[in-house]
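K.L.:
Chain residues, written in single-letter form:
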Amino acid sequence: MRGTGLQLPRATIGVSRWRRFRAAVDWPLILTVVALCGIGLLNLYSATRGTRHHAKFDTQVKWMVVGAIGFVIATAIDYRALVRLAWLGFGTAVLLLIVVRLLGEEAAGKGSYRWLNIFGMGIQPSELAKIMVILALAQMFQDGDLSRQPPAVLAAKGFALAVPVGLIAIQPDLGSAVLIGLLIVTTGFLVMQSVWPMVHLTLGSLLSIPILWETMHDYQKNRILAFLDPSSDPTGNGWHTRQSIFAVGSGKISGKGWGEGTQNQFDFLPEHWTDFPYSVWAEEWGFIGSVFLLAIFAFLLVWILNVALSAKDRMGAVICVGVAAMTFWHVVVNIAMVLGLAPVVGVTLPFVSYGGSSLVVFLCAMGLVANVSLRKHGY
Amino acid sequence: MLLKSGSGSGPSGGAALPELHRRLRWVALAGIGAFFLLAGRLWQLQVMNGEGYFERTVSNVVKERYLSSVRGKILDRTGVPIADNRPAFNIYLTPGKADQPQVARDEIVRLLGLSGDEIEQVDQRLAIGRKRDPKKPMLVLEDQGRDRAALVEQALARLPGVEVHHEPYRFYPQGDIAAHLVGYMTQMTADEADRMLANDTSELVGRYGLEAAWENYLRGKKGIERFAVDARGQRLDEKTAATLIEGERVTGAVPGANLVLTIDLELQKLAEKAIKDSRVPAAAVIMVEPKTGKVRALVSRPSFDPNVMTGHLTRQEYEMLRKDPRKPFVDKALRATYAPGSVFKFVAALAALEDGLSADETHLCQGYYELSGTTFKCNGTHGKQDLIGAIQHSCNIYFWKLAESIGLDRIAEVARLYGFGAPTNLGLNGDGSGRIPTKAWYEQRTKYKVGYATNAATGQGDVEVTVLQMAMAYAALANGGTLYVPQVVERVEASNGQTINTYQPTVARQLPITADSLDIWHKGMWKVTNQAGGTAFDHGFLSTIRVFGKTGTAEIRTRAQKKGEDERDIENWNPRRSHAWFAGWVGDHDPEIAIVVFVEHGGSGGRVAWPIAKQILEGYAAKRTSVAAPAGDSVKQPLLPSGKAAIKAMEKPAP
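Protein chains in written order, with the numbering used here: chain A, 56 to 434; chain B, 836 to 1490.
FYI, nobody ran anything at the bench for these hints, they're computed from the structure.
Keep in mind that this is a model prediction, so the values were computed, not measured.
Just so you know, not all the hints are guaranteed correct.
If you only want the chain A side, here are some residues facing chain B, beta carbon under 10 angstroms, derived [to be verified]: (1) GLY199; (2) MET247; (3) VAL357; (4) GLY371.
To spell it out: a stretch of chain A is covered by chain B in this simulated footprint if at least three of its residues, at any positions, have a beta carbon under 8 angstroms from a beta carbon of chain B; those stretches are [to be verified]: (5) 122–129; (6) 234–246; (7) 303–313; (8) 334–343; (9) 381–391.
Computed cross-link-like contacts, DSSO-like style, restricted to lysine-lysine with a CA-CA straight-line distance of at most 27 angstroms [stated by the list, open to error]: (10) LYS970(B) x LYS1104(B); (11) LYS111(A) x LYS1074(B); (12) LYS1358(B) x LYS1219(B); (13) LYS367(A) x LYS212(A); (14) LYS307(A) x LYS966(B); (15) LYS1104(B) x LYS1162(B); (16) LYS971(B) x LYS1104(B); (17) LYS1126(B) x LYS1458(B); (18) LYS307(A) x LYS1074(B).
Glycine is no exception: its CB is placed at the ideal position from the N, C-alpha and C atoms.
Chain A extracted, bound-state conformation (with noise of 0.2 angstroms):
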C-alpha cells in the first residue's frame, strides 16, 4: 500500500477514516473464521439434536457471542500494548492452573481437575494459558538477537514457559500439556536465529517419554496402548476409536447426508460434540466434505503465516506463528485422533469443538491476528 497513494487523484486523499478503516480489516481472515463458525454449528446441531444434549446448540451460540465480543476487543487494542502487559497475563493463567488444582472441578469419574466455576460458568485455565504463552513468546522474541538479555532474565523466562505444561499436565489433561510443549517448540522454531536450542529441547523431550510413561495414569497409558492396537479392547479404550473410523468410512465419497449419520446419531461416538466433531463431519459429508474442511484449515493458516510475513515488526510476526502454531497442532492432533492415527487426547478441533472455553480462545486468537493485520496499515 506504500506509496500508492501518490497516484491517487487529489480528490481521495480526504477519504474517511472508516473508509479506509474498513480497506484495512483483514476481511479474508474474518469470513474463514465465520465459515469454520458456521460449520461447527450446522454439525453440533446435527450431532445433538433430537437428543437430551439439544441444549448445546444455544450455549455453543451464546459463547460464540462472547468469543466475536473477544476477538473484536484483541484487535482494537494495539498489540503493543497487550504484549507489554504479557507476563502480567501469564502470571495470572498460572495462578489461575494452581487456583483449578485446588479448588476446580472434578471432571466425572476421571480424578482430573480441569475445569473452574466462575459466575456458573466453566472454564478450562489451560486454554487461556495458550494465548499468554503466545503473548510472553512474543514479548520474549521481540528482539531477535536474544544475546541482547541478561542470560539470567532468560533463563527465568525459559523457566516459567515450562511451568504451564507442568501444571497442566498433573491435572492431568496430557493433550493439552503436549499442546502448549508443540506450540513453544514450534514458534521457537521458526523465530529463533538458531534452531539448535529448539533441537536439543525436542531431543530432550523425546528421551524424557519413558520417565514420563511411569508417571502417567493407568487410564492414560490404556489410552495409548489402545490407540497403538485398537482391536485389544474393543469396547474400551479401543470402542472410540474404532466407532470413529467406522463412521468416517462410513462416509464414503459424498457422506450420508447432513443428520443422517448413524454413528453419531444412535450414540456409537460418545461425547462427539467435543472431541470427535470431524468425525461426525466426515460421516455426513463424506470425502468432499472432509478435504473441504481440512482446506479452509490450510487456507487459515496460510493466510495467518501470511500477517505473520507482512507483519509491521518482529513482536506482530511471532504473535501470528504462535497462533498458526497452535491452529495447526489442535488441527493435526485432532484430526489424526479421529482417523486413528494419534491416540485419543483431549484437543479439540478449533472453532467446530462443542466447548466455550476453546472457542473463545481462538476467536482472541484470530482477534490478535487481525490486530496485527490491522497495524501493518500504521493503526
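Chain A is fixed; fit chain B onto it per the hints.
P.N.:
Just chain B now, with coordinates in the frame of chain A:
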C-alpha cells in the same frame, strides 16, 4: 503463491521476521506434508474402504432376529391332534452394560412377586446372558401364565430392556399315548442351531419318533425380522428403523406342515388301555390294515410322557427312566427284537406245504421228543396230530419233525420272504432287522446241529424278530400273500389344510404261496381261537367277530441273573419268564385288521397275550362302523393361515 505475494507486499518484505522467511520452505513442506497425510488417510478410509465401513455401521444399528415358525401338528387319521402347539409367554431381559438391568429386574420381581427360586433363576440367566452377549435379550422367565405376561406388558414403559414374546410351545394333548411313535423334542446342539437358523440353542428340535424323522416337514421355515438399535442396544422406533433398513423389514415365517397319520387314535387308546388293564409290565401292540399295510395302532409300553421329555425333563426323572429295567426308552414295537415262539410256526408249515406236505400227514405226540440224545418236551401230550391240529394245539413235536425233513435253510428262506431278518422300511426309531439263522450262520460260529432247525421251526433258539415284522407277516397271511411296507403317515398337508403329499400303500413283494397252502394255515388259526382245545380259545372266546389267531410262548434262554435286578419292585416283572405272543386278524375272506400283541416276559401267549388282544378286538367290534369309514371323511381341524394367526387362535380358550 499466497505466501510469497504476501511476503512481497509486506511493509518490510518479511524483514520483520527474517528467520521465518528463511525457513518458510521447510514450514510449507511440513504443513503440506501433515495435511496430505490426513487427506491420504481420509482417502484410504472413505474412498478405498468406505463400502466396508459403511456395512459395519449398518450392522452397528441393524440387527436381525429369526422369527419362529409354528411347528406342524401330528394328527391321527381323523384329524385329532396327537402333537399340537399351545401359547407360552416368555419374558426376556437384555442384560446390557454393568448393572443397567437392575432396575427392570427389581421391578419385575416386585410386580410378579417372584419366589426365591425364580429370583435366583432370573439372576443366573442374566449373568449368563451378560457373559455371552450383553446386547442380546436373554430369556429369564419361561412359559409364564397369561396374567403374568399381561402384568409385565402393561408395565413395559417402566421396564427398560424387557420384552414379552408369545411363543408357541409343543404340546402333546394325548400324554403318553403313542409316545414312541410321536417321539419328543429336545434342545438343539450348537451345530443344529446354526444349521436351522435358530436364535440360540434354547430352541427345540425333534429328537425321537416322528418328531425327529419328519423334522424337515414339521419345522417350517423361519422368518427374519430386521430392526434398528442404538449404541446401548435399545430398539429404535419404527419410523427411524424404516429409514435405516432397506427392503423388507419382516420376512414372515412359513408354518410347518401337518402330518396326518394312518393311526386311529381310538384304536390306539383301546390298545393302550388293554395293556394297562392287564397290568403287564411291558408290552407292544400293532394293528395293521392287511389290505394296505397302513398301521392303525402302534403301542410300546412302558413309555414316557413326551410333554415331560420336551424341554421339561429333570435329571432325576431322566435317571429314573434310564435305570428302569423294562427300558422305557426302547421302542418294543419297532426296534427291539425278540424270540417269536409259536407265532413263527407258519414259516415251517407253509414251507413244508409248498414242498408237497399233505395236510393229512400225521405225527404222534407223546409229550416228549428225543433228538441226538437229548429229550425235548412238548407243551402237552397231544397224541396223533395232523397239521391243522398241530396249529390248533401248538404242538411242538409235529413242527420239530417237519423241520427235520425241510431243513433250516428252507425255513430261513421262507422267513426272509415274509420280511424277517431285514428292516421293514418304516424308517422310524431304528426299525430293527432281527435275526434269521442259516446253516452257514451256525457254521461260522460253532457247528451246525439239527437241533437248530427244530428250534427255528418253533421260533426259538437264535430266531429274533421285531413285533412290526410279525404284524406285517400276519397281514400278508391274511390278505392272501401280499407283503406291504408298513405305513404310518397318510399324508402331509400345509398349515392351510392343502394336501402336499399323499402316500400310497407300498407292496414289498408278492409272496409265492398257493391259496391251498394258505387255506390250511387259516383253518388252523381258526381253530386256535374258535374251537375247544385251541391255545387261545381255552382262555376266552370272541363270538361277535370272526377272529383268526395264533399264540406264542417264547422261552427265554436261561442266563445269569444280574445282581440287584430283581430287587426293583416292579409288579409282574420277571426277566426269566417267557415272552407272550398273539398274532391274528379279523374277518376271513375280507380281512379288516391284523393284530399282534406282544408281552415282554409275560408268560403264556394264550393266557396273557390273547386276553389283551381279545379286549382290544371287542372294543374294535363295538366301534367297527366308525373305523371302517374311509380316511377321506376325516374331521378337518380349523386350519390356520399363518404363524401369527395360529398363535392368536391358540390364545382363545378351548371350547
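K.L.:
Work down the list of hints and note, for each, if the structure agrees.
P.N.:
For each hint, the structure was consulted:
1. GLY199: Holds, about 7 angstroms.
2. MET247: holds (7 angstroms)
3. VAL357: holds (5 angstroms)
4. GLY371: The hint holds - GLY371(A) has a Cβ within 10 angstroms of chain B, the shortest such distance being about 7 angstroms.
5. 122–129: violated (count 0)
6. 234–246: With 3 residues in contact (Cβ-Cβ under 8 angstroms with chain B), the coverage given for the segment 234–246 of chain A holds.
7. 303–313: holds (count 6)
8. 334–343: holds (count 4)
9. 381–391: holds (count 4)
10. LYS970(B) x LYS1104(B): violated (49 angstroms)
11. LYS111(A) x LYS1074(B): holds (25 angstroms)
12. LYS1358(B) x LYS1219(B): It holds: about 18 angstroms lies between the C-alpha atoms, which stays within 27 angstroms.
13. LYS367(A) x LYS212(A): holds (25 angstroms)
14. LYS307(A) x LYS966(B): violated (35 angstroms)
15. LYS1104(B) x LYS1162(B): holds (21 angstroms)
16. LYS971(B) x LYS1104(B): Status violated; Cα separation ~45 angstroms.
17. LYS1126(B) x LYS1458(B): holds (19 angstroms)
18. LYS307(A) x LYS1074(B): holds (25 angstroms)
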